[in-house]
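There are 4 protein chains.
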Amino acid sequence: MWWHDCDDLRSKNGELWQLFHTRSTFVRDALMTTLQHIGVLTSGGDAPGMNAAVRAVARSAIYHNIKVTGISEGYTGLLEGKLTLLNSRSVSNIVNQGGTFLKSARCMEFYKPEGRAKAAEQLRESGIEALVVIGGDGSFTGATLLAREQHIPVVGIPGTIDNDIYGTDFTIGFDTAINTVQEAVDKIRDTATSHNRLFIIEVMGRDAGYIALYAGIGAGSEEILIPEKSRDIDYLLHSLNRSDRAGKTSSIVIVAEGDKSGGVFELAKTVEEKLPGYSTRVTVLGHLQRGGRPTCADRVLASRLGVAAVDTLRDGTSGVMVGLRDNRITLTGLEKACKETPDMDPELIRVADIVSI
Amino acid sequence: MWWHDCDDLRSKNGELWQLFHTRSTFVRDALMTTLQHIGVLTSGGDAPGMNAAVRAVARSAIYHNIKVTGISEGYTGLLEGKLTLLNSRSVSNIVNQGGTFLKSARCMEFYKPEGRAKAAEQLRESGIEALVVIGGDGSFTGATLLAREQHIPVVGIPGTIDNDIYGTDFTIGFDTAINTVQEAVDKIRDTATSHNRLFIIEVMGRDAGYIALYAGIGAGSEEILIPEKSRDIDYLLHSLNRSDRAGKTSSIVIVAEGDKSGGVFELAKTVEEKLPGYSTRVTVLGHLQRGGRPTCADRVLASRLGVAAVDTLRDGTSGVMVGLRDNRITLTGLEKACKETPDMDPELIRVADIVSI
Amino acid sequence: MWWHDCDDLRSKNGELWQLFHTRSTFVRDALMTTLQHIGVLTSGGDAPGMNAAVRAVARSAIYHNIKVTGISEGYTGLLEGKLTLLNSRSVSNIVNQGGTFLKSARCMEFYKPEGRAKAAEQLRESGIEALVVIGGDGSFTGATLLAREQHIPVVGIPGTIDNDIYGTDFTIGFDTAINTVQEAVDKIRDTATSHNRLFIIEVMGRDAGYIALYAGIGAGSEEILIPEKSRDIDYLLHSLNRSDRAGKTSSIVIVAEGDKSGGVFELAKTVEEKLPGYSTRVTVLGHLQRGGRPTCADRVLASRLGVAAVDTLRDGTSGVMVGLRDNRITLTGLEKACKETPDMDPELIRVADIVSI
Amino acid sequence: MWWHDCDDLRSKNGELWQLFHTRSTFVRDALMTTLQHIGVLTSGGDAPGMNAAVRAVARSAIYHNIKVTGISEGYTGLLEGKLTLLNSRSVSNIVNQGGTFLKSARCMEFYKPEGRAKAAEQLRESGIEALVVIGGDGSFTGATLLAREQHIPVVGIPGTIDNDIYGTDFTIGFDTAINTVQEAVDKIRDTATSHNRLFIIEVMGRDAGYIALYAGIGAGSEEILIPEKSRDIDYLLHSLNRSDRAGKTSSIVIVAEGDKSGGVFELAKTVEEKLPGYSTRVTVLGHLQRGGRPTCADRVLASRLGVAAVDTLRDGTSGVMVGLRDNRITLTGLEKACKETPDMDPELIRVADIVSI
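Protein chains in written order, with this note's numbering: chain A, 4 to 360; chain B, 4 to 360; chain C, 4 to 360; chain D, 4 to 360.
Possibly wrong hints are sitting among the right ones.
The list makes no distinction among identical chains, and a pair is therefore deemed to hold if it is satisfied within one copy or across any two copies.
Cut-off 30 Å, straight-line C-alpha distance, at most; resulting in silico cross-link-like pairs (DSSO-like, lysine-lysine) [claimed, not checked]:
1. K251 to K342
2. K85 to K251
3. K263 to K339
4. K70 to K251
5. K272 to K70
6. K339 to K272
7. K121 to K251
8. K232 to K121
9. K277 to K85
10. K232 to K339
11. K70 to K115
12. K121 to K263
13. K70 to K263
14. K121 to K272
15. K70 to K121
16. K232 to K115
17. K70 to K277
18. K342 to K70
19. K342 to K272
Read the hints as simulated data drawn from the structure, not as lab findings. As the structure is a prediction and not an experimental result, all values here were calculated from the model.
Please construct the entire structure, taking both the sequences and the accompanying hints into account.
The structure is reproduced here in structure tokens:
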């Protein structure tokens, strides 16, 4: 049975690859000797660095004499047979591009077992033996079901700007997104300071406050509101009052989309009522946070995970996500990656509070 | 009488400086020999490059052995006596900073004659003989009245991201703003292309469509809606239909704030109703357009205009705005600069239409 | 005879297009009715914005129902028949890319009449009736000869980072290059200031000091050395001494490649000998100055010139370069564009001297 | 005795803070109750993010009611008494600035015991009880001796772009530097591709190839030469030959300063001799790699380490460096941090080889 049941294969002192070699010899050898053709797709919200990941998957496969097919538009494209055989040059000049040249889409049909059966058939017909899925939670749920139901070996690569995936310190796209947000806030700071204003800025993160927290610390924001740690409006008012007394001439409040305090426009209204001295402005950063040339950290992360995904399949392992923890390649069961949520480190929240005084 | 009545002193073949030398010798010499102390302030909306302009005014004054006082927070700070004597080092390390270190503010009191009388008194008490005002239309109206009523020599420097000032090809901050918008749209394009989406993006420009037009051409947007050229919704729908047929996989529509077609959210609703095939998203770029490190063109423009403003005052001229036309320093009467609006070049609109097919 | 002998057709008050319509009706109509196929190539050193220019030429041609062929690798590719028919989508997603997707090369064979005869034959065989050449001086010389000898209608578009072409205020690529240099110098300033150091930085510009002058003003350099205005070493030493006394804690000297004072390494040696207090470092910026995503100004300029080039050919005009002066489209005879050099504006040099005190 | 002898206090599951509380109660309590005044300095080569670290140290101290003095120009400034008391506003608006506003310098006098005795006296006279040193190996050696000989509590924060410090996954400044290099190489790639050229690019890293390796993977370079892994010239020639056959139209080779193959100019000469088909160019990136606005990752890292440094001193620990491993705060003995060098992960080198095919 090739399906991998361990919840967390996190490598410690190189145990990972040993573990690889102690598992079911039958399956692994079968795959290692026979793995001749893999597919790769990007799914869900796009993230900068996905291209670098596809490139690494493709070149790593080719390096090992495995054929590699790019599947366009995620599971939708898989169902519709949008398949293209990739060679080494197909992925030239994309390592530095944002978005995903394979495109991405949501696919309602794939939610149903019949959809997944059809997908498996498509793969088999095309001779694709295993699949690398680059995306987030939703994409991994689909991949898990495809593997369980249809016995297609799958490996997941975490690609999402939200950094909300269990089993990796960072997801592909997160580093670029926080730099994009930071740059935008740096710019807004210029005008905030010129006019002694308060800016309330909404950033992406429906369930996770990582973008808000990192970019907020980086941009030197006065206050950060995230879903993981509720702070009521009184706390904010108190904090702004203190900033005012501390002689700050402008204030930046970063709010994650998923924050529970009622949204940025509601917040601005309350602040203007309660602190009439403040001239308040709202900015919703929106989709520009998804784009942009990937940072070096994202390109390197994507390259490492892409290579590791092919290694994992070659090693006969399926049903896992490759990630990076402690700066080393790590495997986590796909189901666990979907079910668990990473903990928000309280140290980071404390740092944010201290450096903003 | 030093007040300058010409509406437009646009230089042709160096006539400007000749003109300088044929004007009232009495006043000019008096000023040139006696001008010992000037003030400089930034007013209205801040714009990247204002710091470079203040630096150029300060260093140019010091170069000519004229004392120079920085006035904080615009006319408000002038009334409140927020004055600081600047030396050459006071303006070090600001040429590359966005915003304005002198800060800016709106001043209701300055709208009344008594306010301006008080301002003039402040200047006289501090020994400040002439004033350089960096800002837009509103700031120049105030400056004109200060000059007319209180006989304070003033020179204006056009600093606004909107590029909507008559008498100069470009205002300080415009070049930075269009690059900021272009970068944001480049990023949004990444995600639009990855998902085959239509993005409707609102950019600044209440009365003027320059930011929308330049950034729209630069970012390769499919359609640009500006206040100067009404295009009804049918035109837009037709254009999007054509893009679709031409095989475009994503579309970007740039809309200036001041466009008459009902706002970006209304537009998105109509498009989704009439073209159900499109998945539409809206982004309002907001205040990040005002900030950021000034581009080289803005820093050079600000440096030239700052030097020219001091030259102009030394030459005994007042009531004018310094600008750049045909890549040469130009003077325009402040009143004319306030009253007139620059024409939107139809060639640019045509170029936008052609390159977006 | 369609060859255009006027040296300078600079537009004044829209006279240009009138002039177009008063010229030889025979030729113009002939071309306008018959012009069915043009070619476009990039030649000489690449410059950011060349892609935007090719895109504008292609789309403008298609807009007017003219076929358009992209010629790879400049005149070399023309001789070798590296031709590709372009459609509207062939030039998608390149407006924001640096370099030139048509590639560029030097071509020794084209220097000889036989080479040009062969090129003309290639064009005629492929049905290409007229050629748009995007490049600098050298490329225009070749184009002029091709037009004169082989009666191939040609229009030039000035694309070079050096801004050294007569007949246009700015060349495509210059604005991007000065921002690239400015950013590099901004970064070097950080470390210079942290260590109280003097940095001598060589920038591109063999014959022209525009990059050095603009980026030097923009980056707030203490001194700028350019080929157009010799300043001996004593002047530099004097200036650095003055900076030192003025309390500056770091100094940046920008030197154009073509400066006559002996090169940056020689300069550094002399400074260290004569001013032992200075800790001096040298940086040669090199080829990164040629690359990078084009700025908005460069993309807009390239779009305007690309459209104008096709308009010019359609109007039956050849042997000219399209340019932008006074923010308006301008035609200049290609030979004049090659022979003349633009004057370095002494006002800019004066501004540089004043703002660096 | 408060001196901490453990070599490596790396935190696992929060053991670190427990460990803090099990150590010598006497000293810790003494310090925690009495620590009233700390000093902070930056030393050695400057790195982006140092300002964010100083800000975090200052604000964290103030948050805990500890006075904090900024010491200018490293140990030199300490000997010369260049001390400034910092308040919360002294460190406003620096989190986003490159370089170090405290400046940095080398100090020969501090190499001698007498120099360190004098430094300790300066600290005692000023009432500074403990010192935070932000810098690299050399700075830590000095700090260690100051602590050992003069019993001044010290904590080190790793600030260097080279990432060559044992005890932390990343040093402050490294992430910014690799993005700076990557952007430069992205630009050079534009022109390399336009002309089918080979570029050999020297990047910083005398003893460590981290910058070369990360930026090389990120920029998609064809080959990377680093001091940690010698590859002879034949290997490079072979690799370039293979690239050529693989249809690559341009090649980028990244070489760390400290590589043993004879320097970039020598390399270029050899390549041109052996592979005459290549047109080769050399670029030495130089000091621009040290500057620039810190990335978000560097600002967050610096904020965390700055807060941790003050926590460490408050907890009565000295003679350690704070670092980040496994995304958690970690302590390492300063001597160990100086003596050991981090291992270059062979997985990264393998990834670089695979993704460049």
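Okay, the hints, checked on the actual structure:
When the C-alpha separation of K251 and K342 is checked against a cutoff of 30 Å, the pair qualifies neither within a copy, at 43 Å, nor between copies, at 38 Å. In this assembly of identical chains, the alpha carbons of K85 and K251 lie at most 30 Å apart only when taken from different copies (18 Å versus 56 Å within one copy). Proximity of K263 and K339 under a CA criterion of 30 Å is satisfied intra-copy only: 26 Å inside one chain copy versus 46 Å between copies. For a Cα distance limit of 30 Å, the shortest separation of K70 from K251 across copies, 20 Å, qualifies, whereas the shortest one inside one copy, 59 Å, does not.
When the C-alpha separation of K272 and K70 is checked against a cutoff of 30 Å, the pair qualifies neither within a copy, at 58 Å, nor between copies, at 38 Å. For the homomeric pair K339 and K272, neither the shortest alpha-carbon distance inside one copy (41 Å) nor that between copies (40 Å) is at most 30 Å. Taking the closest pair of Cα atoms, K121 and K251 come within 30 Å of each other only across two copies (29 Å); inside a single copy the shortest separation is 61 Å, beyond that limit. For a Cα distance limit of 30 Å, the shortest separation of K232 from K121 qualifies neither inside one copy, at 43 Å, nor across copies, at 49 Å.
For the homomeric pair K277 and K85, the shortest alpha-carbon distance between copies (28 Å) is at most 30 Å, but the shortest distance inside one copy (56 Å) is not. Proximity of K232 and K339 under a CA criterion of 30 Å is satisfied intra-copy only: 23 Å inside one chain copy versus 38 Å between copies. Taking the closest pair of Cα atoms, K70 and K115 come within 30 Å of each other only inside a single copy of the chain (29 Å); across copies the shortest separation is 48 Å, beyond that limit. For the identical chains of this complex, K121 and K263 are neighbours neither inside a copy (41 Å) nor across copies (49 Å), given an alpha-carbon limit of 30 Å.
In this assembly of identical chains, the alpha carbons of K70 and K263 never lie at most 30 Å apart, being 48 Å within a copy and 37 Å across copies at closest. In this assembly of identical chains, the alpha carbons of K121 and K272 never lie at most 30 Å apart, being 52 Å within a copy and 35 Å across copies at closest. Taking the shortest alpha-carbon separations for K70 and K121, only the intra-copy value of 22 Å comes in at or below 30 Å, while the best inter-copy value is 44 Å. Taking CA atoms no more than 30 Å apart as the test, K232 paired with K115 passes in neither setting, with 36 Å inside one copy and 50 Å between copies.
In this assembly of identical chains, K70 and K277 lie within 30 Å of each other by CA distance neither inside one copy nor across copies; the values are 64 Å within and 34 Å between. In this assembly of identical chains, the alpha carbons of K342 and K70 never lie at most 30 Å apart, being 32 Å within a copy and 47 Å across copies at closest. Taking the shortest alpha-carbon separations for K342 and K272, neither the intra-copy value of 37 Å nor the inter-copy value of 36 Å comes in at or below 30 Å.
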